[in-house]
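Engineer: Below, each chain spelled out in residue letters.
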Amino acid sequence: MQGISPFLRSPFTDITGCITSHQMLGRCQKQEMQMMDCMEAYGLERGMKKCGDFIEDFRECHNLRKQYSRFLAMRKERDRQIAAGILKDDKKYVSPRIDSY
Amino acid sequence: MADAIIRKQDLPPPGGYKPIPYKRIPAKQFFSGYAMFAGYIGITAAGLYLYNLNYKQIKKDEVEMRSAKMAIYPMLLAERDREYLKQLRKNRDAEAELMKDVPGWEVGTYYGERVYKNLPPDTLVEPIFHEYYAHADPKEWYRRAYLKLLS
Numbered sequence: 001m002q003g004i005s006p007f008l009r010s011p012f013t014d015i016t017g018c019i020t021s022h023q024m025l026g027r028c029q030k031q032e033m034q035m036m037d038c039m040e041a042y043g044l045e046r047g048m049k050k051c052g053d054f055i056e057d058f059r060e061c062h063n064l065r066k067q068y069s070r071f072l073a074m075r076k077e078r079d080r081q082i083a084a085g086i087l088k089d090d091k092k093y094v095s096p097r098i099d100s101y
Numbered sequence: 001m002a003d004a005i006i007r008k009q010d011l012p013p014p015g016g017y018k019p020i021p022y023k024r025i026p027a028k029q030f031f032s033g034y035a036m037f038a039g040y041i042g043i044t045a046a047g048l049y050l051y052n053l054n055y056k057q058i059k060k061d062e063v064e065m066r067s068a069k070m071a072i073y074p075m076l077l078a079e080r081d082r083e084y085l086k087q088l089r090k091n092r093d094a095e096a097e098l099m100k101d102v103p104g105w106e107v108g109t110y111y112g113e114r115v116y117k118n119l120p121p122d123t124l125v126e127p128i129f130h131e132y133y134a135h136a137d138p139k140e141w142y143r144r145a146y147l148k149l150l151s
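Chains as they are written, first to last, in this note's numbering: chain X, 1 to 101; chain V, 1 to 151.
No lab work stands behind these hints: they were computed from the structure.
The model shown is predicted, which means the values in this text are computed figures rather than measured ones.
Using N, Cα and C, we set each Cβ at its ideal position, and we do this for glycine too.
Treat the hints with care, as some may be off.
Chain X residues, not near chain V, derived (Cβ > 10 angstroms throughout) [claimed, not checked]:
| id | residue |
| --- | --- |
| 1 | 8 |
| 2 | 12 |
| 3 | 25 |
| 4 | 42 |
| 5 | 73 |
| 6 | 74 |
| 7 | 75 |
Which residues of chain X face chain V? A few of them, derived with a C-beta cut under 8 angstroms, are [stated by the list, open to error]:
| id | residue |
| --- | --- |
| 8 | 55 |
| 9 | 68 |
| 10 | 90 |
| 11 | 94 |
| 12 | 100 |
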């Protein structure tokens with residue numbers, strides 16, 4: 001867990017530690033604050049175990065890995081079914097209309 | 001011997017050459033200087049008057065167009081949101097249909113693992129672009145992706 005306690009602590013790390021956070025950008029603000037509150041309550045050692053879900057939620061919000069993995073898995077399965085001939089013609093794809101996203 | 005050869009010398013024609021026409025021939029003048037200044041001012045004034053009329057009309061048209069856009073904007077937004085939510089349902093159904101034979105897969109999760117663990121189960125987790133277009137034809141994907149890049 002980088003970012004919670006720097007390897008070498010100095011006044012410079014204290015000054016620059018607050019520059020990158022989600023608190024001003026908005027999207028993951030809630031998850032980050034929940035995680036930091038929890039970590040503050042339990043400390044680093046126990047917090048890593050007790051706040052596992054919060055940490056995971058924050059990571060997911062930050063890098064969207066699970067959502068992207070979901071896409072990869074679904075796309076792989078769809079390509080497999082098309083190649084195997086299970087999905088044919090009109091049933092191959094479910095396309096959204098262009099202005100909807 | 002020398003007197004026998006009669007030479008003919010080039011000389012002016014009888015009565016001399018015609019006078020050389022060196023006199024300037026000025027173009028015919030239709031307007032005087034004052035008339036031209038007056039015409040310039042008059043035509044400019046008339047043009048400005050017409051320009052002004054046109055300018056006002058264009059401004060009015062712009063206001064009307066802007067008002068119309070503002071009036072229909074909420075409806076367009078609502079239509080887009082409606083289409084988005086309908087497509088989310090279609091995607092959910094498509095996912096259920098597609099992944100029914102995959103062991104351990106639940107709809108809306110990654111092999112049974114929820115995307116956000118602390119959110120209530122019925123919360124809407126907005127899909128990322130890839131997820132939204134996961135079931136789409138690649139052609140549609142590229143159309144939308146290029147639109148996204150261009151706009």
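Engineer: A separate judgement is required for each hint: does it hold in the structure or not?
Structural biologist: Now for the hints, and whether the structure bears them out:
With a minimum CB-CB distance of about 33 angstroms to chain V, residue 8 of chain X clears the 10 angstroms threshold, and the non-interface call stands. Even its closest Cβ contact with chain V, about 34 angstroms, leaves residue 12 of chain X beyond 10 angstroms, as expected for a residue assigned away from the interface. Consistency note on residue 25 of chain X: stated as away from chain V, and its beta-carbon is indeed over 10 angstroms from all of that chain's, at 16 angstroms minimum. Non-interface call for residue 42 of chain X relative to chain V: holds, since the shortest CB-CB distance, roughly 16 angstroms, exceeds 10 angstroms.
With a least CB separation of 7 angstroms from chain V, residue 73 of chain X falls inside the 10 angstroms interface cut-off, contrary to its annotation. With a least beta-carbon separation of about 5 angstroms from chain V, residue 74 of chain X fails to lie farther than 10 angstroms from that chain, contradicting its non-interface assignment. With a closest Cβ-Cβ approach of about 6 angstroms to chain V, residue 75 of chain X is found to fall inside the 10 angstroms limit, against its non-interface label. Given hint, residue 55 of chain X at the interface with chain V, is violated; its Cβ is 10 angstroms from that chain's nearest Cβ, farther than 8 angstroms.
This hint holds: residue 68 of chain X has a C-beta 6 angstroms from the nearest C-beta of chain V, less than the 8 angstroms allowed. Against a cut-off of 8 angstroms between C-beta atoms, the interface hint on residue 90 of chain X is violated, since the closest Cβ of chain V lies about 11 angstroms away. Hint status for residue 94 of chain X relative to chain V: holds, with the closest Cβ pair at about 4 angstroms, below 8 angstroms. At a threshold of 8 angstroms, the smallest CB-CB gap from residue 100 of chain X to chain V is about 4 angstroms, leaving the interface hint in force.
When the structure is compared with the earlier hints, violations turn up for hints 5, 6, 7, 8, 10 and for no others.
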